[in-house]
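J.: Starting from the structure of chain F, add chains C and D where the hints point.
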Amino acid sequence: MSEVYRGRAPNIEINKITREKIKFTLSGVDSSVANSLRRVMIAEVPTMAIDVVHIHTNTSSLHDEFIAHRLGLIPLISENQDNYDFPRDCKCTGHCEHCAVQFRLKVKNQEGGVLDVTSRDLRHLSQQGNDVRPADSDGPILILKLRKNQEIDITCNARKGIGKEHAKWSPVATAVFKYTPDIYLNQQRLESQFTAEERKEIVNSCPVGVYKLNEESNIEVVKLNKCMFCEECMRKGEMIITRSASALLNVHDNVVRVSQLKDRFIFKVESSGALKPESIVSKAFTILTKKLDDIKQLIPPLINTR
Amino acid sequence: MRKHGRSAQDITQTHIDSFDYAMTEGLLHLCERLLPCEIEFPENSDVGMRVCKIWFENLHLGRPYKAPPTEGIQKEPRLFPTECRLSDSSYAAPLVAQVAWQIDNLSIDRFKVNLGNVPVMVKSEFCHLSKMNQEELIKLGEDIQELGGYFIVNGVEKIIRLLIIQKQNYPLAIVRGAFTNRGKMYTQFAVVIRCVRDDLFTQSVTVHYLTDGDCNVRFILRRGEVFIPAIIILKCLKDITDLDLYNRLVRGSYSSNQTYSRVEVLIRTAAKLAIFTRESALKYLGSRVRKIMNPPSYMADEQVGELVLREHVFVHTDNDNDKFNLLVLMIEKLYALAENEISPESADVLSSQEFLLPGHLYLNIMKENLENTLESVKVRILKEAPKQGIKIRDKTYIQKILEQHANIGKKLEYFLATGNLISRTGLDLMQAAGFTIIAEKINYARYLSHFQSVHRGSYFIEMKISSVRKLLPESWGFLCPVHTPDGAPCGLLNHLSSTCVPVSKNLEFNKKEVIDVCHSLGMRLMSREEITIFPVEYIPVMLDGCIIGYTNEPEEFEKKLRLEKIRETIPRTMEIAYLSRKPLFLGIFLATTQGRLVRPVRHIETGEKDWIGPLEQLNLSIACLPKDRKPETSHEEFSPLNMLSILACTTPFSDHNQSPRNMYQCQMAKQTMGTPLYNYQFRNDNKLYRLTMPQKPLVSSKCRQVRRNGFEKYPSGTNAVVAVISYTGYDMEDAMIVNKSAYERGFGHGIVYKANIRDLNTTKKENFSWIQSEAAKKEATEKGLDTDGLPFVGQNGISQQPELLLFNGVTSSNKTFSYKDMEKSTYDDIKIIGTDTREFKVNFKYRFQRNPIIGDKFSSRHGQKGVLSVLWPQEDMPFTEEGLTPDVIINPHAFPSRMTIGMLIESMAGKVGAIKGEFQEAAPFQEKDKVDYFGKQLLEAGYSYYGSETMYSGIFGTEMKAEIFLGVVYYQRLRHMVADKYQARSTGPVDILTHQPVKGRKRHGGIRLGEMERDSLLGHGASFLLYDRLMKCSDYSEGYLCKKCGSILGCYLVKGKEKAVCHACQGEGVKVALPYVLRYLSNELAAMNIKLGFKHTL
Amino acid sequence: MNAPELHELFTLPQGKNKVEYEEDSRIEFAGTFTVHLEDHTLGNIIRMQLLQDDRVRFAGYKAPHPLEQRIQVKIQTDGQISPHEALMNSLESLKITFKGLQDQFEKQAKSI
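Heads up: the sequence lines are chains F, C and D, in that order. Counted the way the working numbering counts, the first sequence spans residues 1 to 306. Counted the way the working numbering counts, the second sequence spans residues 1 to 1098. Counted the way the working numbering counts, the third sequence spans residues 1 to 112.
Since the hints were made in silico from the structure, they are not lab data. Where is the CB? At the ideal position from N, CA and C, for every residue including glycine. Each hint should be verified, as a subset may be incorrect.
To give a feel for the contact side, a few chain C residues facing chain F, derived at Cβ under 8 Å [claimed, not checked]:
| no. | residue |
| --- | --- |
| 1 | E744 |
| 2 | G794 |
| 3 | G1021 |
Straight-line distance between alpha carbons at most 20 Å, and here's what the computed EDC-like set of lysine to aspartate or glutamate pairs gives [unchecked claim]:
| no. | chain 1 | residue 1 | chain 2 | residue 2 |
| --- | --- | --- | --- | --- |
| 4 | C | K696 | C | E384 |
| 5 | F | K296 | D | E23 |
| 6 | C | K687 | F | E65 |
| 7 | C | K754 | F | E220 |
| 8 | D | K18 | F | E65 |
| 9 | D | K110 | F | E79 |
Computed spacing ranges between beta-carbons, pair by pair [to be verified]:
| no. | chain 1 | residue 1 | chain 2 | residue 2 | range |
| --- | --- | --- | --- | --- | --- |
| 10 | F | V114 | D | G60 | 49 to 55 Å |
| 11 | C | P896 | F | V114 | 34 to 40 Å |
| 12 | C | R985 | F | V114 | 49 to 55 Å |
Looking at chain F on its own, in the form it has when it is part of the complex:
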């Protein structure tokens, strides 16, 4: 396992937030902490999703299971999911307003042509639960299409769940981190032993364009975070040294070195639309803390049982 970083204090810094994406830097912790955060965001932050579907009428060309599956995958805005219980924790049998939000999808194509049935056709069955609704900031989500006289009548319950149970409850499209790259350029040697042409070669060797030649045609790191540790630049530098006369002198000492800062993580979280990206992160922390706490509570009783 990697080295232990005890010296620095854990720190978090938000780089960018948009409607569906957040980027932040986590530092002063080791990869296990970063990974646990990532895992919780993917699998354990609860959201609401359609889970139980009752099909009353379905004369569309698609079969029942298929429609149910599609309904399940529609992201529902779940900012208020704390107001709902997990169905397994709820005291009711079946469903109640504490654990389910009911929708009805009742459409019939009477005009002819092809009618699109979208997530906007999902209607709440009761006044409660209006806070849980299909996310449609990118427009309505197509569920199925109906031809003339085809009809669909469905009631369905949105329930709370986590991504571990089914991917439809996962609030993220991706939640990912990577190590922070650390690029060392031996400017001195680059300037003295490399021609401008060779420097350009190094710059071009990077598939993601981390480097740029500045006015003095020196290499400059411009997009550090883009680096994906492919080490193409290192290889290129090595190659140039080997093929030039200077190979005889300092072979081992590379002019470009890419390494990783193993206690600094660049996170990227994309929301599925169910939750705001910042609430995903914040909820992930809450869940992790709760998990730790739960276990901690259970340890003292064990001490005496030996």
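T.: Only chains C and D this time, still in chain F's reference frame:
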């Protein structure tokens, strides 16, 4: 020739065209050729006539119609394929014959007879769908792309398979050891010709070489073989002097070979039999075959001889002169073979083969059945003549008898349903079964392949020698080298190459014109009347088995003739085979017949398309690529892909794979779940597979072969992000890990439809019918059914739950039928077939949700199959810096030994395609360096050149040392699913006789623990386990053993006492545990008076 | 059909406690904690945190089977503290870390 290569329709067109030809022109020829049935009555009979004749004047096949509708109800009278499929009936049309009937050569009576409903090929001229467009097809519930080419028999789609047979009208020089068994003096040399008449009647003639230089002609007559000296046949065919014949055969060559002395022997044979004239020869022939032919008594031997010559010797021509010339040529060839001047030809190479087309076989069977009908009518009339007397002269009587005996429709239906040929003559074929196959619609690829499949004949399956299975260079461009199954049918079941077409339409041309063209190009004509003798420098020109002339400038002639062919003054698909070099038998062989294979190549001189045949190809120089051109090269391939079958063309980058992998892929493509069709609701197949979320492959061949045949419209797989990494150990040994989230989002989801028709005709007889009483309705509702006694569509089918409730109006009782399958399903559709009054069937269609589970089989398109070993949670999967987790993880060990580099390239190409949002070209034999092409694009998009990426462990969050090869590969889901195969039992049904568990999954039987398994347990010393398996879980039983005599049979329990006494010796019985079969064995032996006694220590 | 039941993800196996402890019979100050219904998410951070404690001689965890919802954390200490205490300490410090991070994060998120 119709323009070829436009759509998938072309694939079945061969079948359709051959059927159309057979049922239009073929039927006409058949009527002409069918011999009248002559019935000869004894002189003193009281029927008032001596001889009567019956023959078919005209045969007409109609279109399928339903039985005339009841009055007043306007129903669609036409019968459509959909209805046949749904109701398990046959798509058949009436065959009506105009029969002529003549008594004692007097006036002719004519009447019509319905010969029964003959199954009709879908989309043929006789099918209602033939001229319909897509919209009309959809309205009828057909698939948008209904291809036809098959028959519907009892609701099942049946195809008559293309069969490889010997090339027609071409004399083949054969050396076969078995020929010596024909009789004394016979050698292994023979020349065989398979002659085909215009009514597609086939008759082979063999000329055998005898040790003394003589030749015998052999042909089959009524299943028996007839041997006649060649000289007799020659004399029968032409009034010719021995000198002329000698010159004609020797052709002035006295130098090197022994031909002249052989010809002397040949001619002497006639002298020995004292046959000098044509009449005496015919008489001799007639007397030899009279017994077999059984002709009317008034026919003289000469006439019988003529009849045999006409009907059985060289039937492809009616002209005696042509027959004579052909026989002379065959003798020449035979002598050349015996002299070792020419090398023997093989019947196993494609150049001496052609196809038996479905329509042709169908017509042949029809013909034989018509003959049989006449024959049985004859027998019947002769039998009834004494009783019926004068009544027989009545037209209606004959009509009635004919109708009774003519069940041609049923005969053909039987043929199609079973594939068995019931025939008197055997139709000159080498097999009697296995002619038809079911057109399974498992997926589109499989369905198409059925029409492309070509079988060598089931006769060869049992043959131990492998020469027939070999891939020979002759089949280049005609048969696909890749698309053949491995295992038993390997090399026998082949598939057509993508551009190869069997000629299935009659070429419209005039034979005379072709001869004239040839003449104008320098060919010397063969005189009809006189004997022209061409010196040996002249080589023969044959057209469809008839010599039309000789030429001494064959090269020139062939070139010019080819230009004429390209100019279409002679048919474009005519085969011009110029055999130019020794050790071939020199000659120019022109062929225009059906069943031949042709394929297009570019004629370099003109740049035009030239259709060439297999024999023709052998003697042409064809460049595969432009760089292969040599000075003598006359032709060029249009594309190197033309050598592959349509299915083999779809394997991406197959030129980078090890060849067996491409074969495996051809197999597996046909087992994938995909999109076989779009009209699911109008189909009633026993099993239909459907991939719920299919995708078009990102990487696919966009060559014409693939595009035109509609593969894109019927996809059968999913593009998956595949990482090649040994991750958890769950990807060992070809297992694959699937991302659980990918699965939950729909990866590989599929459906199986099953249909079950409940035949309720017997229950109807017991007065059961639909629910009519309120009580019954109530009961149905209580049982979870609708008030009509049927389940709701969309309701679940659960094992042992009721699915049908019928009501007995007489006893007012109910009867419930329950769902039988163990697996839960959904009622997809319920159809009622027939009415209460006529037939009574209910068709239940079930839908089984078959989403991937552990153990289901998947494969890429490179013969890389594997089973799903675990659904791995997304958070535990390795991830890239972009946050991408693979859908599928496969083990790197899958590659080194299998060398499927094509799959690696597909992965890179798929990645490029996904990044750019473009479909990528994947046809084999592209010129470019594909790795570099895709690698550069990957670099451009910010990925590493080879497509590998840094990944992080999903479990620890640490970076992995090695870069992981990650790309997008098209994955197929194969139809082998655990749900269909799992088998387990603790106890269950046992065999009555042995008390051992029954076998078979269906019967909930056990799995055999065989000898090898037993040995392995013994080797481990696992005696308890062995005892458990072989005794406890099998046929454990308890019985009494007599202490005194050791018998296990004799003991009986004494009444009231807990004691057993031996019946035989009054000894004391003790309770022992023994396998039940032992008791059975003991009993069997006792029946043979053998006592089985056991030593014991009790 | 052959997949594990969904509820196994959330419900404790019968007769089991969420956390169980078994002392090592051969090694002093060592024992194994079995935590049900948890996976690598907790296992890995606990292990890493334990390793940062000088008094912990050995810390390791495993998820015995991917279809079983439990992890086992094995701890051996040098005797100054018991494995229980070591675990408690690391859980506490992790909690503090996360709490601190969350506070930081929320503060920043609000200000944006």
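J.: Each hint should be assessed against the structure and marked as holding or not.
T.: Evaluated hints:
1. E744: Since chain F brings a Cβ to about 4 Å from C:E744, closer than 8 Å, the hint holds.
2. G794: 6 Å, holds
3. G1021: 41 Å, violated
4. C:K696 - C:E384: 69 Å, violated
5. F:K296 - D:E23: Holds - the C-alpha atoms of D:E23 and F:K296 are around 18 Å apart, at most 20 Å.
6. C:K687 - F:E65: The hint holds at about 19 Å.
7. C:K754 - F:E220: 66 Å, violated
8. D:K18 - F:E65: Since the Cα atoms of D:K18 and F:E65 sit roughly 36 Å apart, the hinted pair is violated (cutoff 20 Å).
9. D:K110 - F:E79: 16 Å, holds
10. F:V114 - D:G60: 49 to 55 Å: Given a distance of about 60 Å, which is not inside 49 to 55 Å, the answer is violated.
11. C:P896 - F:V114: 34 to 40 Å: With Cβ atoms ~51 Å apart, the hint is violated.
12. C:R985 - F:V114: 49 to 55 Å: 51 Å, holds
Consistency note: the structure conflicts with the earlier hints numbered 3, 4, 7, 8, 10, 11.
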